[in-house]
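Chemist: Sequences listed follow chains A and B, in order. So for the first sequence, numbering that gives the first Met the number 0 puts the first residue at 0; every next one is plus one. So for the second sequence, numbering that gives the first Met the number 0 puts the first residue at 0; every next one is plus one.
Just so you know, the hints here were simulated from the structure itself, not pulled from any lab data. It should be emphasised that the depicted structure is a prediction, and the values quoted were computed from it without experimental measurement. Keep in mind that a hint or two might mislead.
[Claimed, not checked] Using 27 Å as the maximum straight-line C-alpha spacing, the simulated DSS-like pairs for lysine-lysine come out as follows: (1) A:Lys101 <-> B:Lys57; (2) A:Lys121 <-> B:Lys69; (3) B:Lys57 <-> A:Lys133; (4) A:Lys133 <-> B:Lys69; (5) A:Lys197 <-> A:Lys164; (6) B:Lys72 <-> B:Lys154; (7) B:Lys158 <-> A:Lys59; (8) B:Lys69 <-> A:Lys56; (9) A:Lys121 <-> B:Lys154; (10) A:Lys59 <-> A:Lys101; (11) A:Lys33 <-> B:Lys57; (12) A:Lys30 <-> A:Lys176; (13) A:Lys101 <-> B:Lys158; (14) B:Lys69 <-> A:Lys123; (15) B:Lys99 <-> B:Lys24; (16) A:Lys203 <-> A:Lys56; (17) B:Lys154 <-> A:Lys101; (18) B:Lys99 <-> A:Lys103; (19) A:Lys27 <-> B:Lys72; (20) A:Lys30 <-> A:Lys211; (21) A:Lys22 <-> A:Lys33; (22) A:Lys164 <-> A:Lys59; (23) B:Lys69 <-> A:Lys113; (24) B:Lys139 <-> A:Lys101; (25) A:Lys121 <-> B:Lys109; (26) A:Lys22 <-> B:Lys133; (27) A:Lys59 <-> A:Lys113; (28) A:Lys30 <-> B:Lys139; (29) A:Lys121 <-> B:Lys57; (30) B:Lys72 <-> B:Lys158; (31) A:Lys211 <-> A:Lys33; (32) B:Lys133 <-> A:Lys56; (33) A:Lys123 <-> B:Lys99; (34) B:Lys57 <-> A:Lys113; (35) B:Lys139 <-> A:Lys22; (36) A:Lys33 <-> A:Lys176; (37) A:Lys59 <-> A:Lys27.
[What the hints assert, rightly or not] Simulated DEER-style distance windows between Cβ atoms: (38) B:His156 <-> A:Pro39: 56 to 66 Å; (39) B:Val1 <-> A:Thr189: 51 to 61 Å; (40) A:Asn157 <-> B:Phe172: 51 to 61 Å.
By construction, the Cβ of each residue, glycine as well, lies at the ideal position given by its N, Cα and C atoms.
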Amino acid sequence: MDNTAIELINVTYIYPDGTVALKDVNLKILKGEKVAILGPNGAGKSTLLTVMAGLLKPYKGEIRNFNNSRIGLAFQDPDDQLFCPTLLEDIAFGPLNMGLSKEKAFEKANEVLKAVGLEELKDKPPHRLSVGEKKKASIATVLAMEPDVIALDEPTSNLDPKSRKELISLINELFSKRNFTLIIATHDMTFASKVAEKAYILNKGRIIADGKLTEILSNFKLLEEVGLYPF
Amino acid sequence: MVIAIPILFITPGVAIASLNLFSFKLQITIQGISSALQFIFRVWACVSSLILLTLTTKFSSIINAMENLKIPKVFTMMVSITYRFIFLLIDEAYRMALAKEARTIGKMSKIDAMKTLASMISSLFIRAYERGEKVYLAMKNRGYPGKVRNLSIIKFHFKDASFILSFFIFIVFVFLIGGLLNHG
Numbered sequence: 000m001d002n003t004a005i006e007l008i009n010v011t012y013i014y015p016d017g018t019v020a021l022k023d024v025n026l027k028i029l030k031g032e033k034v035a036i037l038g039p040n041g042a043g044k045s046t047l048l049t050v051m052a053g054l055l056k057p058y059k060g061e062i063r064n065f066n067n068s069r070i071g072l073a074f075q076d077p078d079d080q081l082f083c084p085t086l087l088e089d090i091a092f093g094p095l096n097m098g099l100s101k102e103k104a105f106e107k108a109n110e111v112l113k114a115v116g117l118e119e120l121k122d123k124p125p126h127r128l129s130v131g132e133k134k135k136a137s138i139a140t141v142l143a144m145e146p147d148v149i150a151l152d153e154p155t156s157n158l159d160p161k162s163r164k165e166l167i168s169l170i171n172e173l174f175s176k177r178n179f180t181l182i183i184a185t186h187d188m189t190f191a192s193k194v195a196e197k198a199y200i201l202n203k204g205r206i207i208a209d210g211k212l213t214e215i216l217s218n219f220k221l222l223e224e225v226g227l228y229p230f
Numbered sequence: 000m001v002i003a004i005p006i007l008f009i010t011p012g013v014a015i016a017s018l019n020l021f022s023f024k025l026q027i028t029i030q031g032i033s034s035a036l037q038f039i040f041r042v043w044a045c046v047s048s049l050i051l052l053t054l055t056t057k058f059s060s061i062i063n064a065m066e067n068l069k070i071p072k073v074f075t076m077m078v079s080i081t082y083r084f085i086f087l088l089i090d091e092a093y094r095m096a097l098a099k100e101a102r103t104i105g106k107m108s109k110i111d112a113m114k115t116l117a118s119m120i121s122s123l124f125i126r127a128y129e130r131g132e133k134v135y136l137a138m139k140n141r142g143y144p145g146k147v148r149n150l151s152i153i154k155f156h157f158k159d160a161s162f163i164l165s166f167f168i169f170i171v172f173v174f175l176i177g178g179l180l181n182h183g
């Protein structure tokens, strides 16, 4: 209770077409942790994050959030995340909804854009950005709201090696400077090993293993079983 | 142009040409020609000024201006989101057409082509719908309260006022000249 950021108890989620996306998921994430949720495609990673953020109601089970942690989720497809005519307005959208004045919200947006290194693009429409820039902008939209927990859904999908490297150093830099808990859903094992400390393995909607990331990454048998072998 | 054609026939007035179509009698009138021309020029003027506006002004500025002119925010928000996602929609449709082309060998029969087109349109619709749902979740995730607020950043300056004034004077001038030409 004291230092728990968020806890899921027996959470089950079923989509309207009958697909069981999550089955009796139990997990507990502590404040200030860097957690990776690893799983193959279709394991339920995105659903887990969406349920965790409170955007989808679980079919069964409970999400405990005693400390009222606010969770900011960046979607996998940045085109879902960015919907305003200019980048600056997009970043300011969250702060404005939090009740900040227009000046304060734009000030905050400028500050966050600087932190992710996109301040020169602030007046560009989102469809003119590259995928790497869009991914960074997605993170910025969440960052601007200063949530207690930041959840990133596949932050490295569709990125080239250079952008991926930049993203890794950006995430680590932000984590060391700001105060938040990080949850990353990914199947990019190299990326996970560079940003996370703890890991959960999700397969077919169930959590089948958890522990230190280094331990999980050395359990080749387990990784091969779920289809996540690193080579 | 096509829409203007019926105006030629339905406007009552002095007939200059007539056409017997079975029991119908179609007449082209002088008044019809003049109102059809008027219609065409009006649309032409509208479209060209619209094109001029969109070519010279950033879309975000247009939306900001609309907000400053007190156009309902629901409408401006809808326009801005439409503008944001229309590129994605076009892109998606283009990619889909390309993928269809890549898997088509030789010539398709007309019926098959129509069927493929129908299924492409329906899957494009479903994709757009699902994206809409996702975007709504993304908005909710960032605290969207269900109503839109004013985001306008541009301000009404002295030069805007002077522009409006000079434009108004120009219009009055045009009308005066027109009046002089008609009567004098």
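Chemist: Next, verify each hint and record whether it holds.
Modeler: Hint by hint, here is what the structure shows:
1. Between Lys101 (chain A) and Lys57 (chain B) the alpha-carbon distance is near 21 Å, which keeps this suggested pair within the 27 Å criterion.
2. Proximity of Lys121 (chain A) to Lys69 (chain B) is assessed by CA-CA distance (about 25 Å); at most 27 Å being required, the pair is judged to hold.
3. Between Lys57 (chain B) and Lys133 (chain A), the direct Cα distance comes to roughly 20 Å. Compliance with the 27 Å bound is thereby established for this hinted pair.
4. Pair hint Lys133 (chain A) plus Lys69 (chain B) does not hold up; C-alpha atoms about 32 Å apart against a cutoff of 27 Å.
5. A distance of roughly 20 Å separates the Cα atoms of Lys197 (chain A) and Lys164 (chain A); the hinted pair therefore holds under the 27 Å criterion.
6. For the suggested pair Lys72 (chain B) and Lys154 (chain B), the alpha carbons sit about 17 Å apart, so the restraint of at most 27 Å is met.
7. A hinted pair counts as satisfied when its Cα atoms are at most 27 Å apart, and Lys158 (chain B) with Lys59 (chain A) does not qualify at roughly 61 Å.
8. Distance hint between Lys69 (chain B) and Lys56 (chain A) is unfulfilled; the C-alpha atoms sit about 38 Å from each other, more than 27 Å.
9. Restraint check for Lys121 (chain A) and Lys154 (chain B): satisfied, since their Cα atoms lie roughly 19 Å apart, inside the 27 Å limit.
10. Taking the CA atoms of Lys59 (chain A) and Lys101 (chain A), the gap is about 40 Å. The hint is violated against a cut of 27 Å.
11. Restraint check for Lys33 (chain A) and Lys57 (chain B): not satisfied, since their Cα atoms lie roughly 41 Å apart, outside the 27 Å limit.
12. With a C-alpha separation of about 15 Å, the suggested pair Lys30 (chain A) and Lys176 (chain A) falls inside the 27 Å cut-off, and the hint holds.
13. Taken as a hint, the Lys101 (chain A) and Lys158 (chain B) pair is honoured in the structure, with Cα atoms around 24 Å apart against an allowance of 27 Å.
14. Restraint check for Lys69 (chain B) and Lys123 (chain A): the C-alpha separation of about 25 Å stays at or below 27 Å, so the hint holds.
15. With a C-alpha separation of about 49 Å, the suggested pair Lys99 (chain B) and Lys24 (chain B) falls outside the 27 Å cut-off, and the hint is violated.
16. The hinted pair formed by Lys203 (chain A) and Lys56 (chain A) meets the criterion: a straight-line CA distance of about 19 Å does not exceed 27 Å.
17. A threshold of 27 Å between alpha carbons decides the hint, and for Lys154 (chain B) with Lys101 (chain A) the separation of about 14 Å falls inside it, so the pair holds.
18. Of the supplied pair hints, the one linking Lys99 (chain B) and Lys103 (chain A) is violated, its CA atoms being roughly 49 Å apart against a limit of 27 Å.
19. Pair hint Lys27 (chain A) plus Lys72 (chain B) does not hold up; C-alpha atoms about 42 Å apart against a cutoff of 27 Å.
20. Distance restraint check for Lys30 (chain A) and Lys211 (chain A): the Cα-Cα separation of roughly 16 Å lies within the 27 Å cut-off, and the hinted pair is therefore satisfied.
21. Taken as a hint, the Lys22 (chain A) and Lys33 (chain A) pair is honoured in the structure, with Cα atoms around 23 Å apart against an allowance of 27 Å.
22. Distance restraint check for Lys164 (chain A) and Lys59 (chain A): the Cα-Cα separation of roughly 39 Å exceeds the 27 Å cut-off, and the hinted pair is therefore not satisfied.
23. Using a Cα cut-off of 27 Å, the hinted pair Lys69 (chain B) and Lys113 (chain A) is violated, with the two alpha carbons roughly 33 Å apart.
24. Between the alpha carbons of Lys139 (chain B) and Lys101 (chain A) the distance comes to roughly 19 Å, so the proposed pair stays at or under 27 Å and holds.
25. A C-alpha spacing of about 48 Å is found between Lys121 (chain A) and Lys109 (chain B), which places the hinted pair above 27 Å, so the restraint is violated.
26. Of the supplied pair hints, the one linking Lys22 (chain A) and Lys133 (chain B) holds, its CA atoms being roughly 22 Å apart against a limit of 27 Å.
27. Between the alpha carbons of Lys59 (chain A) and Lys113 (chain A) the distance comes to roughly 42 Å, so the proposed pair goes past 27 Å and is violated.
28. Taking the CA atoms of Lys30 (chain A) and Lys139 (chain B), the gap is near 24 Å; set against the 27 Å cutoff, the hint holds.
29. Restraint check: the Cα-Cα separation between Lys121 (chain A) and Lys57 (chain B) comes to about 14 Å, which is no more than 27 Å; the hinted pair holds.
30. For the given pair, Lys72 (chain B) sits about 25 Å from Lys158 (chain B) by alpha-carbon distance, which is consistent with the 27 Å threshold.
31. Restraint check for Lys211 (chain A) and Lys33 (chain A): satisfied, since their Cα atoms lie roughly 10 Å apart, inside the 27 Å limit.
32. Taking the CA atoms of Lys133 (chain B) and Lys56 (chain A), the gap is near 15 Å; set against the 27 Å cutoff, the hint holds.
33. The suggested pairing of Lys123 (chain A) with Lys99 (chain B) is violated, with an alpha-carbon distance near 33 Å, which exceeds 27 Å.
34. Only pairs whose Cα atoms come within 27 Å are accepted, and Lys57 (chain B) paired with Lys113 (chain A) is accepted, the gap being roughly 23 Å.
35. A hinted pair counts as satisfied when its Cα atoms are at most 27 Å apart, and Lys139 (chain B) with Lys22 (chain A) qualifies at roughly 25 Å.
36. Annotation: proposed proximity of Lys33 (chain A) to Lys176 (chain A) holds, straight-line Cα distance about 14 Å (limit 27 Å).
37. Restraint check for Lys59 (chain A) and Lys27 (chain A): the C-alpha separation of about 17 Å stays at or below 27 Å, so the hint holds.
38. Remark: the range hint 56 to 66 Å for His156 (chain B) to Pro39 (chain A) is upheld by a beta-carbon distance near 57 Å.
39. A beta carbon spacing of about 60 Å between Val1 (chain B) and Thr189 (chain A) agrees with the range 51 to 61 Å that was offered as a hint.
40. A hinted range of 51 to 61 Å holds for the C-beta pair Asn157 (chain A) and Phe172 (chain B), which are about 57 Å apart.
In this structure, the hints that do not hold are numbers 4, 7, 8, 10, 11, 15, 18, 19, 22, 23, 25, 27, 33, in rising order.
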